[in-house]
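Going by our numbering, the first residue of the sequence shown is number 15, and it counts up by one from there.
Where hints are given, some of them may not hold.
Stated by the list, open to error - Listed next, the in silico BS3-like pairs over lysine-lysine satisfying Cα-Cα at most 25 Å (straight line):
{"no.": "1", "residue 1": "LYS433", "residue 2": "LYS454"}
{"no.": "2", "residue 1": "LYS249", "residue 2": "LYS277"}
{"no.": "3", "residue 1": "LYS288", "residue 2": "LYS327"}
{"no.": "4", "residue 1": "LYS277", "residue 2": "LYS224"}
{"no.": "5", "residue 1": "LYS327", "residue 2": "LYS406"}
{"no.": "6", "residue 1": "LYS203", "residue 2": "LYS326"}
{"no.": "7", "residue 1": "LYS468", "residue 2": "LYS386"}
{"no.": "8", "residue 1": "LYS277", "residue 2": "LYS203"}
{"no.": "9", "residue 1": "LYS386", "residue 2": "LYS442"}
{"no.": "10", "residue 1": "LYS406", "residue 2": "LYS386"}
{"no.": "11", "residue 1": "LYS216", "residue 2": "LYS268"}
{"no.": "12", "residue 1": "LYS205", "residue 2": "LYS268"}
{"no.": "13", "residue 1": "LYS288", "residue 2": "LYS386"}
{"no.": "14", "residue 1": "LYS456", "residue 2": "LYS395"}
Hints are computed from structural coordinates only; laboratory data are not their basis.
Predicted model only: the values in this text are computed from it and were never measured.
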Amino acid sequence: MNTAFLNFKIHTILKLLFFLVLSVSYGQNPLITDQFTADPTARVFNGKLYVYPSHDIIPPEGQGRAEWFNMADYHVFSSENLTEWEDHGVILSQKDVPWGDPEAYSMWAPDIMERDGKYYFYFPNRIKDADDGEGGFSIGVAISDTPEGPFKAHPTPIEGVEGIDPNVFIDKDGQGYLFWSQSKIYGAKLKDNMLELASEPKTFMELPQKGHMEGPFVFERDGLYYMTYPHVANKTERLEYAVSDHPLGTYTHKGVIMDESAKGTWTNHHSITKYKDQWYLFYHDSELSPNFDKTRSIRADSLFFDNNGNIKKVLPTLRGVGISSAYNEIQFDRYSSVNGSGVRFEYLDAQDTFKGWMLVFTDPDATVRYNKVDFGDTSPKELLVNVNVTHKSTGSLEIRDASGNVIAQTSLNPTDGFKAVTIPIDPKLTGVKDLLLELKGKGVIQIDWLQFVK
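Whenever a hint applies, use it, and build me the whole structure from the sequences.
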């Protein structure tokens, strides 16, 4: 076990095993910052967007597999604005699966679908008494009356399915399909009960055969079916897609949705959904775990198509999606863009990455832009800036809107640690605005967050 892994384990195990059952995260990227999450499946139910990820943890000493993926349960998160994410707590645990190994820590990437008022949650797990190694996986179904759960697992897994990464799709004619992976990608029709296959599995041999493939996700747009999947074409997984005129193919490979992780994270796993007339890509990376890529965090960015239906490549952003309330803490370190080389972001505490990041300004005249801040109908009276002006550093801070109008400005003197500085607001501010933060001065100045006050 390497030193980085041991240090990481010491600093995170208590936080990972004991967390709030109900919490709210104000999302940029990553979306959830109080626990590790991966493999996000996003679905829209009852006008609200739900995300069903897997839940990476460091298991108790002597359990699970050291330096590998360990997942003991599932949470579900929901949002109506893609900014405030509510954690509904554990919806299914490895100890609740009658056919599964209760100590396998293998509750990997899931999916969910609603049919006739019931919610069917599909998940992989190792079968009891399975041989050691990567085999021995099947896919089960848990059922609930609500998308928030809790879910009760069906007594047996789906017969005829061996593998992981279930994806369920219901076509416009009501026919359901199940897709999964085990080195290759497979698919079959589902019976109306959503618990059994209605056809023999098909192996999608028309997809690239060189390099590891997993995590299929199928969706339909304008009569075209998109098969999307992670593929190790080089060193780590990138997201690719193929198209067909039928859910079971034959598919034609089209291109790359997202390139390999710049951080070197070996996996990516995703879903694609349309919510309030915009398409989104949900995926994961390991920025809350920079030295260990088996504990990951979910992200989201907007996705677009060209006039021919081709998916435009998605570039990962820090800003992510959703509109931030001016009256919550605005994390400018999750910026939209930066002008100037004298600014970077760093962890507030490298030993506890869940505390998030800060902006660090080291040279004058650096400008940071943060898009889509909602002031509502009532203008704020002042601005709070949580700032640390280090010893012998001086400068001034200015906030402008996208048109260049000055919103707030103040001089900065050494603060002896982080301090919330109050700045009066000059103009009236309403509606949604893009904000620019500019610092001028010398020395090192750190910004944690900004928050407007009515």
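query: Regarding the pair LYS205 and LYS268, is the alpha-carbon distance no greater than 25 Å?
result: Violated, because 30 Å separates the two Cα atoms, which is more than 25 Å.
message: Does LYS395 sit within 25 Å of LYS456, going by the straight-line distance between their CA atoms?
response: Cα-Cα ~29 Å, so violated.
message: For LYS277 and LYS224, compute the direct alpha-carbon distance and say whether it is at most 25 Å.
response: The given pair, whose Cα atoms are some 23 Å apart, holds under the 25 Å limit.
message: Between the alpha carbons of LYS288 and LYS327, is the straight-line distance 25 Å or under?
response: Status holds; Cα separation ~17 Å.
- prompt: Straight-line Cα separation of LYS433 and LYS454 no greater than 25 Å?
  reply: Given that 25 Å is the threshold and the Cα spacing comes to 18 Å, the pair holds.
query: Does the alpha-carbon distance linking LYS468 and LYS386 stay inside the 25 Å limit?
result: OK: LYS468 and LYS386 at ~18 Å, within 25 Å.
task: Starting from LYS249, check that the Cα of LYS277 is at most 25 Å away, please.
output: OK: LYS249 and LYS277 at ~12 Å, within 25 Å.
query: Has the given pair, LYS288 with LYS386, been kept, meaning a C-alpha gap of at most 25 Å?
result: holds, 20 Å
field: Distance restraint between LYS327 and LYS406, which requires alpha-carbon spacing of 25 Å or less
entry: violated, 45 Å
task: Given the hint that LYS216 pairs with LYS268, test it: the Cα-Cα distance must not exceed 25 Å.
output: holds, 20 Å
message: Holds or violated: LYS277 and LYS203, Cα atoms, limit 25 Å.
response: violated, 38 Å
query: Are the Cα atoms of LYS406 and LYS386 separated by 25 Å or less?
result: The given pair, whose Cα atoms are some 35 Å apart, is violated under the 25 Å limit.
When each numbered hint is compared with the structure, violations occur for hints 5, 6, 8, 10, 12, 14.
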